[in-house]
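Could you slot chains C, P and W onto chain E? The hints should help.
As they're listed, the protein sequences go chains E, C, P and W.
When the letters of the first sequence are read in order and numbered with UniProt numbering, they come out as residues 1 to 344.
When the letters of the second sequence are read in order and numbered with UniProt numbering, they come out as residues 1 to 344.
When the letters of the third sequence are read in order and numbered with UniProt numbering, they come out as residues 1 to 344.
When the letters of the fourth sequence are read in order and numbered with UniProt numbering, they come out as residues 1 to 344.
Misleading hints may appear alongside valid ones.
Where chains are identical, the list cannot tell them apart; a pair therefore holds if satisfied intra-copy or between any two copies.
[Stated by the list, open to error] Here are the simulated BS3-like cross-link-like pairs (lysine-lysine), alpha carbons at most 30 angstroms apart as the crow flies: (1) LYS224 to LYS262; (2) LYS262 to LYS203; (3) LYS184 to LYS224; (4) LYS247 to LYS203; (5) LYS247 to LYS224; (6) LYS93 to LYS262; (7) LYS262 to LYS219; (8) LYS184 to LYS93.
Hints listed in this document are in silico derivations from the structure and should not be mistaken for laboratory results.
There are 4 protein chains.
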Amino acid sequence: MNVAVIGATGYTGLEVVRLLMQHPELNVTAVTSDSQAGAMLTEVYPHLQGLVHDPLQRADALELAAQADLAFLALPSGLSTALVPDLLAAGLKVIDLAGDHRLSQADYAEWYHKTPPTHEVLNQAIYGLPEFYAAEIAPARLIANPGCYPTATLLSLLPLVQHGLIDTESLIVDAKSGVSGAGKALSPGTHFAEINENFKAYKVGVHQHIPEIEGVLTKQHGAKVTLSFTTHLVPMTRGIMATSYAKLTQDLSTEEVLAIYKETYQNQPFVRIRANGSMPATKDVSASNFCDIGLRVDPRTSRVTVIGVIDNLIKGAAGQAIQNANLLCGLPQTTGLLHAPVYL
Amino acid sequence: MNVAVIGATGYTGLEVVRLLMQHPELNVTAVTSDSQAGAMLTEVYPHLQGLVHDPLQRADALELAAQADLAFLALPSGLSTALVPDLLAAGLKVIDLAGDHRLSQADYAEWYHKTPPTHEVLNQAIYGLPEFYAAEIAPARLIANPGCYPTATLLSLLPLVQHGLIDTESLIVDAKSGVSGAGKALSPGTHFAEINENFKAYKVGVHQHIPEIEGVLTKQHGAKVTLSFTTHLVPMTRGIMATSYAKLTQDLSTEEVLAIYKETYQNQPFVRIRANGSMPATKDVSASNFCDIGLRVDPRTSRVTVIGVIDNLIKGAAGQAIQNANLLCGLPQTTGLLHAPVYL
Amino acid sequence: MNVAVIGATGYTGLEVVRLLMQHPELNVTAVTSDSQAGAMLTEVYPHLQGLVHDPLQRADALELAAQADLAFLALPSGLSTALVPDLLAAGLKVIDLAGDHRLSQADYAEWYHKTPPTHEVLNQAIYGLPEFYAAEIAPARLIANPGCYPTATLLSLLPLVQHGLIDTESLIVDAKSGVSGAGKALSPGTHFAEINENFKAYKVGVHQHIPEIEGVLTKQHGAKVTLSFTTHLVPMTRGIMATSYAKLTQDLSTEEVLAIYKETYQNQPFVRIRANGSMPATKDVSASNFCDIGLRVDPRTSRVTVIGVIDNLIKGAAGQAIQNANLLCGLPQTTGLLHAPVYL
Amino acid sequence: MNVAVIGATGYTGLEVVRLLMQHPELNVTAVTSDSQAGAMLTEVYPHLQGLVHDPLQRADALELAAQADLAFLALPSGLSTALVPDLLAAGLKVIDLAGDHRLSQADYAEWYHKTPPTHEVLNQAIYGLPEFYAAEIAPARLIANPGCYPTATLLSLLPLVQHGLIDTESLIVDAKSGVSGAGKALSPGTHFAEINENFKAYKVGVHQHIPEIEGVLTKQHGAKVTLSFTTHLVPMTRGIMATSYAKLTQDLSTEEVLAIYKETYQNQPFVRIRANGSMPATKDVSASNFCDIGLRVDPRTSRVTVIGVIDNLIKGAAGQAIQNANLLCGLPQTTGLLHAPVYL
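Okay, chain E solo, but in the shape it has when bound:
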């Protein structure tokens, strides 16, 4: 199957390209960058010398439709909204890695401060969290690929919410991300000398991923879920950890809760549950598509603390997009994706 990567010079686009090099069924036939069209991708990224031979082209829907059947859309929020209708009209299936198609129009307008996609387009969009929505994803034409924080948070919390084990009013998520999540755009907040050896909170309580998380939790819970969500920047490149806290509504041991997680994810190849007493670190999933989850019930407070980690660029973006592409193409989810984490 031929695929196009739109926005191939951004960090998530770059990871899509890299991962697809090892994919046995998906073949990259077009890479785009409006700002650097005409250059070779290897001019922008010399580390790809000898591996990629494609010139960067403009993202023209009709041209892309002549070259590919599926498009990975790795553009900043807002640009997806503008491009998706043309891509769909041209007959391409689309996996959108931006946030544009994950929210209701009202939420998107409120949290992204931008004009949302039309109802017509949004109605076609399926939220691409394969562990919970594989059946809906497979026949879809437009996938809203989940955000990095939502992926780590939802995989950490959905088993509890689905089974009604927690007081959803008590939910607090303290999330930490490596700096690559901020992308390639220069800013004082990603300037080496300011972020190195520094740990900081940002967008406290107002991060645009909040409504995405709440939306999915609400859908599974059956009633409105509102959570406290704080994002922090870790002086490292890759990795997200979501540390989640919730009051249990039943008297359960750590072992009992772990059993529920293991059962929930028993057929999900990319979610790994830690043994009792062991907690995952971000390096445990680095450069892989895994989400590792550990948890502990604290008898002193009757709270469960759940720790979920992903690589923000892989399971939090490019890897999950390919996992969705595999579903769209009728391939096993793991096709071309089962790399061991690069621990060191």
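Chains C, P and W only, in chain E's frame:
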């Protein structure tokens, strides 16, 4: 005034020595290391060449009492318990940077898994958090210098607890520390290749600083406070951030809560409250004795999120010890301590 | 083909295991660790959960010969010497990643301060730098896999030496390595708080890789080559850069020297030569088997500066070992190895 | 004495401000930033809250002359040239931290690609390396504060050159710097995700500090010195190491060369010579004004390898500027500058 630094080759002892070099009133007359007695401190730490000329000696209470009036005790937990009675008997005032004298006997035995100090010694120990206990500290002979996590957490939460503004049942603290907090002892968990570019949780819900925090909060609250407390390791050397969450019991705005913090700390030279909309990062206090605090009331959840940062080795250890020494000596708290943070 | 990984819990052994997971022809049938025999590899490295199912066994030559045809030997120097005769006698082909079989007996004794292998064994050992010795490697039974610094240095310098373009008396190599090169053993020099945000030189002029480099250069030059070689530690996990300096014996431009490099390596899939004006960084080859080389002739000094980078754990160890295994097995060198660098 | 800091929001300006807070004799009465005039310095740098109370003003020479006697000029190259004549005319003494007044007109034009200062101004400029030019500095009105690389390199090499111990034709300097040397301006080369865990060379053989180093060496040697000089970027914030190589012209031992260094620097409070067998690391001088030097004579090659380290922002910029200011004001060089390195 002549002072001794016991355990001068550990990280906190080293910082006490460094800070005292710039202190106009406290004069280091003895540095000890039982394991390296006889060597010069500069043999262990060549970066002190030309600045320190003291040989390392064994920690003998009588000898130290002949050399100094006050001892900074920077030994691992357990060793303090053994040494403090002799130091006090020899007439020295003692500031203990270990955790031995901060807890009740029962709590110490439970959380540190070691034999606690005697009641007689514990009864003399004053908890050395100057922002709240300066009056008790000044005349004391034995100071239990607070732990790094407790300092950041208590300065973040005490204004809320004192004013009865939060539901203490709802308290959750998500804390993050640089690696220097683990000290100089080698372990796989502080091996560069394992911790670099990695973010991990450790001692989830069982960290020995929990009873210290709960003890002080309980004392101020007047009823037992139990909190969820999770510690994480950040791939950086210095700095602690405590991100605290609590339900407000009253309808207060961010501005109103900030006003209470500003009032609480108006005469405290080392606590700085951020303006509304601004949150501190760990680098903002690096290599300084400051604790910077920012906060936000989330109208969606009626929770307040408080973010407090300190340098774990300074306000979280050596700097606070000197602040306590200043009080013991009748000096202004800021004497020799008002260094600007090293932001870069 | 079935292979054993001896010393699978060290960093290079771990990388061999990881890379072989993606190898289509080499099948890991045994992993050993004398110190942790009986445990599962995933107990030591939880990030491999679900991917590896082998128990760690003791390194018994006869047992291994029953399980595999080829052994990767990833043990500390000295242990290889002891084990290799038994492995060869049991019929296994051996790729030794340690330094034991790279030097003459005299050099090994002088620089490693250990007892060297016997002449009988050394005579069978082929130096496994495939770019120059592929023909000798293919039929061999014992491969001395090159060291990390020698790989970067030799690939940087051999084109100049082979063509007689430099005054070998003038050779200076200033080398820098990430910390993973020091392995898994704990030491103050790899303790996070001491190495983080620090840059230091070590083993100045006495590094054990010096005779290995000089030996190969001498062989190619036809006369004794002696060089100044300084090693530095960079506060990062992966990567080596060798910055080499030499006086040109002819008046050549940067373009002309680049042309010689491109010709030398035109059929070598893992060596990439940069365009004039571009220099490689260590991230350009991270987690890949590539060696990237850039250079510049300085008309002011008539010297050429050559900059070569590799991933010390891949092309400098595990990747090159697999490249050698491919040759031993009659496979294309690139089999299972042509991963794109993980740039971010 | 009242001083002005021109360009107080750049990294070196910020360090001048920080260091002057602890200076007993120099009083900051004006801080300037043309781009942020009107704002408080603490708005740009909240870590200075409570410590600095100055508003940022425009750099007007006459106004500054009414406020101060001495100006630290911490502007990008080119801007100093424009401003210095007015500052001198207004009666201010000037310490210029930029490169504008360190070179001949021809060299400045060639290496900085900018219009140089006039002869009239250049003739007044004294090169501010106090260890060698204190006598000329004291009565001067305009100090060209040395660059960071030149400081580390010159202090490493001048004892050898002054005593005629090396073949200056053989000089090679391999230099490495932390990222703060690149300043506050955003660029892809200082974007966290690109520089973190990366080591790279830049400006190979064409760095603008080359003529500055060669100029001073030539002056001391009495004949033209040309060297190979390569600059690298280390993924850390602070610190420079210069690793220098030269052929000895005499048969000298490491001890003998060390003795010459110790004699050369015996009265220089900020240069520390390591014992035989010990090499300095960049952390050994972090946040201090020290330059630490270690060296080794290699009997195999008759070369000496000299390793010099400084904090690029202190001895390589702001600290040295204050050392020069002390000389200009008739104060001991160490006034307000003798801080111990922050090793951790």
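Now for the hints, and whether the structure bears them out:
1. LYS224 to LYS262: Answer is within: at 26 angstroms inside a copy they meet the 30 angstroms cutoff, but 36 angstroms across does not.
2. LYS262 to LYS203: Close across copies (23 angstroms), not inside one copy (33 angstroms); limit 30 angstroms.
3. LYS184 to LYS224: neither (35 angstroms within a copy, 45 angstroms between copies)
4. LYS247 to LYS203: This pair counts as both: shortest intra-copy Cα distance 25 angstroms, inter-copy 20 angstroms.
5. LYS247 to LYS224: both (17 angstroms within a copy, 19 angstroms between copies)
6. LYS93 to LYS262: neither (33 angstroms within a copy, 42 angstroms between copies)
7. LYS262 to LYS219: So LYS262 and LYS219 pass the 30 angstroms test inside one copy only (22 angstroms; across, 42 angstroms).
8. LYS184 to LYS93: For LYS184 and LYS93, the Cα distance is within 30 angstroms only inside one copy (26 angstroms; across copies 43 angstroms).
Violated hints, listed in ascending order, are 3 and 6; each of the other numbered hints is respected by the structure.
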